[in-house]
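One letter stands for each residue in the lines below.
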Amino acid sequence: MSDMNQQMTAKYKNNFLKEIEEQAEMGDWVKMCMQCGVCSGSCPTNFHSGWDHPPQELFMLIRAGKRDEVLNSNSMWNCVSCYNCYVRCPRKIPITHIMHGIAEYAYRIGRAPKSQPTLHLSQTFWNNATKTGRVNEVKLTQTLYFKDGIASGIKKAMAMQDVALGLVKAKRLNPLEAVGISHKCKDIKGIHAMLDKARELEAKRKGRTA
Amino acid sequence: MTSVVATNQTILVVGGGIAGMTAALEAAETGKQVVLVEKNPYLGGRTVQLYRYFPKMCHPTCGLEINLRRLKANPRIQVLTMAEVTGISGGKGNYSVNVKLAPRFVNENCTACGECNKVATTEVADAFNYNLGKVKAAYLPSSMAYPQRYVIDPSVIGTAEASAIKAACKYGAVDLDMKEETVTLNAGAIVWATGWQPYDAKNIQPYRYGEFPNVITNVEFERLADPHGPTGGKILRPSDGKEAKNVAFIQCAGSRDENHLRHCSRFCCMASLKQTRYVQEAFGDAGKSTIYYIDIRAIDRFEDFYQEVKANPNVSFVKSKVARISEDKNGDPRLWGVNTEGYVRYSEPHDLVVLAVGMEPSVKGVNIPAEVMSDSSGFLMADPVNAGIFGAGCATNALDVNRAVQSATAAALRAVQVVNKVARAEA
Amino acid sequence: MAEMKTAAYICKGCELGARLDTATLVKTATKDGKMNLVREHDFLCSTDGVAMIRNDIDNEGVTHIAICACSRRAKTEAFNFTTVAMSRGNLREGVIWIRPDTDAARETTQEMAEDYVRMACAEVKAMQVPAGNQNTGTSKTLLVVGGGMSGMTAALEASKTGYKVVLIEKTGSLGGMAGKLWKRIPNREPFKAPMDSGVADLAAQIDADANIKVYLNAVIAKTAGAPGRFKVDIAVESGPTVTEDIGAIIQATGFTPYDMNKLPNLGGGQANVVDQLGLEAMAKAANGGPIKRADGKEVKSVVFVQCAGQRDATKEHLEYCSGHCCATSVKQAMYFKDANPDVDTVVLYTDLRMPGNNEDFYRAAQNKGVIFSKGEVSNVSASGNGCTVKFKDLILNEETSADADLVVLATGMVPTTGPDLDQLNEANRAAEGGDEGAKEQVIQMMSKSVLNLDYRQGPDVPQFKHGFNDSHFICFPYETRRTAIYAAGPVRRPMDIAQATEDATGAAMKAIQAMENAGLGKAAHPRSGDLSFPTARLEGCTQCKRCTVECPFGAIDEDERRFPLFNESRCRRCGTCMGACPVRVISFENYSVNTVGAQIKAVDIPDEFSEKPRVLILACENDAYPALDMAGMNHNEYDPFVRVIPVRCLGSVNTIWITDALNSGYDGVMLMGCKHGEQYQCHFVKGSELGRYRMSKIYDTLKGMNLEEERLMDLEVAITDIDTLPKKINDYAARIVEMGMSPFKGL
Amino acid sequence: MAKKEYAFYPGCSSQKGASASNYLVSVNSMNKILDVKMTEIPDWNCCGASISYAESGELPRLAMNARNFALSEQYLPGQDIVATCAACWLGSRESKERLEHNNVLLADTNTALKEAGLNLKVIPEVRHMVEVLIEDLGYAELARHVKKPLDGMKIAGYVGCQTNRPFGISGESYENPMYLDKLIETVGAEATKYDQKVTCCGGALAFSEPDKAQAQIKDIIEAAYDSGAEMLVTPCPLCQANTEVYQGQINKKYGTKFQMPVLYYSQLMTLAYGGSAKDAGLDGQVIRARKMEEFAAK
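Residue numbers (the working numbering), protein chains in the order written: chain P, 2 to 211; chain U, 13 to 439; chain X, 27 to 773; chain D, 20 to 317.
I should point out that these hints are in silico values taken from the structure, not numbers from a laboratory.
Fair warning: this is a prediction, and the values are worked out from it, not measured in the lab.
Where is the CB? At the ideal position from N, CA and C, for every residue including glycine.
Errors might be hidden in some of the hints.
Stated by the list, open to error - In silico lysine to aspartate or glutamate, EDC-like type, Cα no more than 16 Å apart, as pairs:
1) U:K341 - D:D245
2) P:K93 - U:E270
3) D:K133 - P:D188
4) P:K14 - X:D429
5) X:K638 - X:E137
6) P:K187 - D:D62
7) X:K491 - U:D316
8) U:K182 - X:E137
9) D:K317 - D:D298
Unchecked claim - Stretch-level coverage of chain X by chain U, calculated; a stretch enters the list once three of its residues show a Cβ under 8 Å from a Cβ in chain U:
10) 69 to 81
11) 428 to 438
12) 549 to 555
13) 656 to 662
14) 739 to 746
Kindly generate the complete structure, drawing on both the sequences and the hints.
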């Protein structure tokens with residue numbers, strides 16, 4: 002993995018573009034962007050709080066060989082998977098997936114911003130879901146709130162208390178799940194074996210160490 | 013029954029727009045027999061629906077007048093209006109063509125005196141003005157209309173109004189019993205000049221054309237700016253008739269877009285640059301235009317025009333494909349997007365939005381023989397093997413008027429080559 | 027030719043009968059018009075009415091007819107009598123449709139109608155049926171100048187149409203610029219990869235074509251004569267000069283790339299910086315393999331700089347865009363990528379201009395990994411074993427740079443036209459004044475001439491914007507100011523091969539048409555088919571040269587006795603010469619100082635106490651007259667005291683008409699012509715400008731007559747002024763009333 | 020109507036005691052009335068949702084979905100998979116597309132599936148509950164069962180993202196889909212017009228970046244109120260949760276007075292079909308839908 006980070010990239014050369022094509026999900030579409038900007042204008046989060054680099058700019062940065070600026074950026078992590086950019090792109094570029102792909106790659110090679118909340122959520126969600134095959138919402142929430150240690154966890158929990166309580170009252174948040182009485186798949190073993198294999202194959206395909 | 017004199021040395025020109033008229037005239041003025049078929053009741057096609065031409069800001073009817081004079085003076089051209097080609101058989105040097113003639117309900121006796129119009133009461137959509145206005149059911153499409161002959165809308169046929177219209181004509185020009193007919197004619201070569209149609213803006217969902225009244229297309233804007241258009245040349249927005257002093261032009265509305273038209277329609281950049289002049293003309297410095305674009309394609313000497321417009325402080329350019337349009341409570345369309353030159357977010361209200369819709373070749377629904385090839389956008393391509401049918405003008409490519417005429421002149425020669433060959437063979 | 031028998035026909039249709047006292051009109055035609063035969067008809071354009079006229083012509087020997095009905099623009103199919111002289115009295119659009127149907131208006135409306143009847147009668151009596159050009163050339167051989175893509179295409183297309191062609195090329199081989207290309211931009215599906223230029227194939231077809239005679243290493247020494255009868259001297263390097271009989275000419279002399287040495291800041295002239303043509307040479311040498319630099323190093327990275335010395339607002343370099351360069355750079359980037367996908371190719375552009383399906387070509391290049399960046403290049407400098415390109419990345423909004431083994435400058439097209447005629451004339455004048463430097467300049471300029479036309483007005487075709495030989499008309503791209511001489515390809519306008527091919531084919535069409543019509547003595551566009559042509563009574567000529575100087579089409583030379591020498595088949599029948607002639611010796615059979623003068627005189631001028639002024643309107647038939655016509659169709663009323671006479675062009679207006687009119691008691695004269703100046707709309711190019719220039723001279727005459735300047739009004743009219751024109755007329759009429767009647771009435 | 024059977028993929032949030040449990044309750048009641056039979060896919064697993072992208076990578080996520088496909092084909096062969104959750108539907112459909120268009124991925128996925136003793140040959144159709152209602156039953160059929168039209172109720176149909184983009188319900192527009200409005204009208208209520216119909220609710224960012232998400236939610240609720248709506252109706256559990264449970268926090272932050280119930284289309288229909296408040300899972304509302312409770316009681 003480390004070798005990935007030793008990569009030297011020159012300005013306006015293809016090597017970083019190639020790296021993204023090989024490593025990031027759907028990365029081979031980046032070169033097709035014609036900088037119209039419809040994606041940037043379609044992003045809802047973009048209009049509430051700007052990104053460092055909206056998608057089209059991110060693509061230009063990749064073509065300009067600005068590896069650090071791209072991989073260290075928090076931009077991809079702002080994606081809410083609303084698919085507005087995806088359906089409006091005049092080049093039919095799967096922008097949503099590329100955002101995810103670049104984020105995933107940055108994370109894999111240890112470039113994701115420290116304590117990126119959405120990254121943390123992604124990790125937590127996936128681990129939570131794959132542990133038993135199904136999501137345990139209480140544990141999910143707990144893990145999320147306590148990710149920065151008890152103190153802030155309690156603060157967040159307090160902040161979210163009314164929310165949680167409302168759900169509990171509505172029987173839509175089952176405290177029992179906290180103690181493990183929850184939905185789970187029968188063949189958890191099979192699922193884990195399957196996932197290990199999948200991870201191994203993907204790593205091989207992308208020339209990474211799983 | 014309409015009679016048409018045609019032989020296998022006749023050139024059939026399909027489409028009476030500027031490309032078709034040009035092809036017909038050039039061939040006829042070189043001594044060839046020509047039949048010119050047009051589906052509208054008048055000649056001139058889309059150019060006569062334009063207010064001005066770029067880059068000279070001159071008027072399309074000026075050139076049309078010359079072409080009509082050439083036509084009137086030339087006995088070699090037979091014109092069939094309200095006519096559509098429904099089938100072609102045979103081959104290069106000897107085609108047999110079926111032409112369907114829709115009834116005009118007015119014959120050549122018509123003197124264009126207008127008495128029929130006076131008694132007509134029903135109003136029908138004014139196609140000449142892209143249905144932005146209405147005309148009486150007995151109408152002359154425009155002052156420049158040729159043939160200079162009224163048309164009666166089929167919707168009134170069989171009504172008392174129709175009888176009144178007939179009675180109003182002292183010259184027996186109104187013939188309510190006219191029926192659709194199909195004539196079959198012979199031709200040695202065919203020039204296909206059916207032109208283009210504006211891309212249907214309804215398909216471009218984020219721009220809400222058809223839902224937001226103040227989002228219109230570039231071809232409609234031409235009619236708004238034309239003193240002889242539905243608003244008498246006043247640039248008023250549809251929702252409330254308010255003067256549209258702050259106008260947004262959205263380029264590539266449908267063009268350069270794999271969800272719509274894959275090709276670049278070429279003329280739209282210049283058209284919008286031209287239309288900013290309309291805004292300036294109407295409101296002086298109070299008129300503001302903003303062009304939202306990906307690339308400004310002001311090719312060759314058109315660049316001069318672009319530079320002039322660019323120098324106008326009342327026109328601004330934003331390098332951005334507008335993401336979506338919303339509507340403010342006062343009816344203002346609001347444009348959302350990002351200026352990609354340095355990542356600047358905008359959410360900008362305008363009085364009126366003009367979508368620079370692109371060009372779609374009008375070759376749909378017509379039975380052109382298989383030997384005619386077309387490209388991925390539907391434009392006709394020259395077929396080196398069977399060429400006896402030649403595309404001309406915007407049926408062959410996204411072209412501006414000047415290039416369409418150029419293309420039509422070339423097509424005329426290709427057709428002349430075929431009939432000359434026939435003549436030599438028969439000599 | 028049978029003796030003249032005149033007839034007038036008064037139509038009562040379209041309310042004419044109801045609105046006008048046609049019986050009186052009949053008397054007017056008989057008494058004042060002195061017509062031999064006068065008939066009324068209820069519906070003159072009907073089969074019956076037309077048959078009546080036809081019968082008079084066939085059986086009554088009628089040779090001159092005045093149709094007093096609707097406008098000359100209406101019912102042309104019905105009133106189509108080509109064997110007789112015909113005038114049209116416009117009683118409908120010109121009278122009843124522009125007047126209110128009220129008792130108050132009836133008298134003046136009737137007077138208007140009577141005048142138009144008189145005018146129609148007077149005009150037709152002064153007309154003759156054109157006999158056709160006496161001096162027609164019969165050569166049907168096309169000369170093509172230039173053996174590049176455009177020239178070869180024109181030659182082959184003309185040959186395919188059945189015409190003989192003489193093709194001359196100044197170099198030793200056919201192909202021109204296209205011949206220097208490794209590959210061309212694709213012009214058909216799939217628009218994804220560069221394709222063969224097809225030059226070799228065209229050249230082979232030409233060699234095999236018996237209809238085409240090729241002169242290599244040849245230039246034109248002299249072009250004399252006129253359409254249908256050009257005599258062209260061809261100077262062949264190391265050989266005798268040959269003379270060919272030519273019917274029409276296509277100038278396809280192409281372009282040269284803008285000299286990159288004028289762009290030092292972009293590295294022009296440096297090592298490892300080439301222009302697009304330079305890169306084509308490298309690609310040809312590489313022959314599909316890796317592209318190598320002059321120093322033999324394989325190119326591993328290349329930057330394309332678009333608009334190099336083009337679209338230059340400072341006007342220091344080319345102001346225009348050459349259209350093809352974006353697609354050409356895309357194509358050239360593909361040369362690299364196709365040979366070796368690992369080569370870094372960057373295209374720096376400000377607007378990527380790839381119209382039509384070139385958009386696919388652009389996509390294909392991106393797909394091959396070509397990097398496109400919207401960037402403004404400020405500097406290219408040598409660095410290490412290559413170049414550094416400094417530019418502003420407009421998307422990332424920062425000054426930056428890129429290193430490359432090679433930089434390609436997309437410089438523009440400079441047309442290979444001859445000397446600019448205006449500059450040449452200036453130099454000539456100075457030279458005649460004895461200026462030695464000017465003489466040198468003239469020689470130097472003449473050496474650049476392409477056609478060496480033996481024309482009074484200069485050796486080449488007048489140039490349009492930026493030195494291209496283009497037409498100024500959007501509707502008529504093949505409009506030319508030298509009849510039967512057409513420019514094709516990049517010499518006419520910047521264009522790529524696909525367009526040049528199309529353009530050359532169109533030019534061939536026009537040239538062939540011009541040869542055919544020259545043979546029949548017919549005019550070329552815009553008065554296509556007109557058989558009339560100007561003749562001069564030389565005994566009256568004062569050799570003032572105005573006609574030879576002013577003719578917008580260089581149709582008139584001077585013979586050895588310095589009299590005007592008309593070359594009818596060069597003539598476009600605008601009548602500018604007729605308008606220019608101070609002694610009025612030039613005329614057309616059906617359009618002359620008399621045909622118009624007689625109409626002016628025919629108008630009845632009421633005395634000064636009648637409070638009925640008369641205003642003469644001379645309206646250009648191309649735009650102003652149709653505008654007035656449509657004003658009528660829309661029933662836009664205007665003043666009853668005006669009398670409108672259509673003219674072929676303001677350039678044909680002879681000052682005598684104005685002075686005669688004012689002398690005979692008209693109270694004012696309005697001239698209505700097309701826009702002139704840089705954005706001119708005049709269909710005869712300079713006609714309206716010259717006409718106006720002449721009129722400006724009349725003002726002195728007016729002073730001499732103690733008349734106010736406003737008695738003459740010059741109005742620029744567009745065909746769309748349907749609603750505004752009546753108002754302008756009324757305002758002028760009102761102004762005349764303020765001024766009071768002309769003192770010249772009844773003198 | 021010939022009874023059609025479907026393989027049911029309820030998804031994690033619809034389970035008992037989970038955040039969309041009331042959705043499931045109402046869907047079951049609705050289907051009972053409409054006579055739509057859905058059999059839960061045995062031992063189904065989580066789809067991974069969009070949010071798992073960073074940790075999951077591509078293949079593992081595909082494998083998870085592929086497992087559901089394989090199980091469905093094994094136990095409920097030939098049946099379309101029906102998801103009630105927008106995210107499940109999208110995740111599954113996307114996986115289906117990728118696997119069908121990329122043989123390498125399909126092969127690798129099968130290698131992984133083998134570890135779970137499964138194999139994927141045919142991939143069943145993946146459909147959203149709403150598609151079944153509209154396409155297989157049709158609006159007329161849906162209207163036929165209405166016993167108590169929701170006369171006079173003003174409801175804003177909130178479509179959101181994932182039933183709408185990138186796939187969407189066939190024949191609908193991304194910018195202004197009408198199906199939800201039509202469903203609302205089918206049960207006799209009035210669908211109000213507002214311009215936030217397809218605005219994103221913030222999705223997973225509601226957890227990770229509450230401020231960003233809640234700003235968007237605020238726009239949506241505000242516009243709904245402006246349009247005169249009394250409640251929101253959605254086809255997506257995440258949209259439902261986000262727009263409902265954060266209203267309190269938004270009120271605190273922005274000083275608004277939001278109190279707008281957010282229901283599922285299935286709840287509306289159950290009620291219009293004469294179902295009880297319980298059948299419709301109204302007890303599962305965090306913001307009580309009083310008007311609906313009264314309606315149900317009538």
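* Honestly, which of those hints from before does the structure not fit? -> 8 and 11
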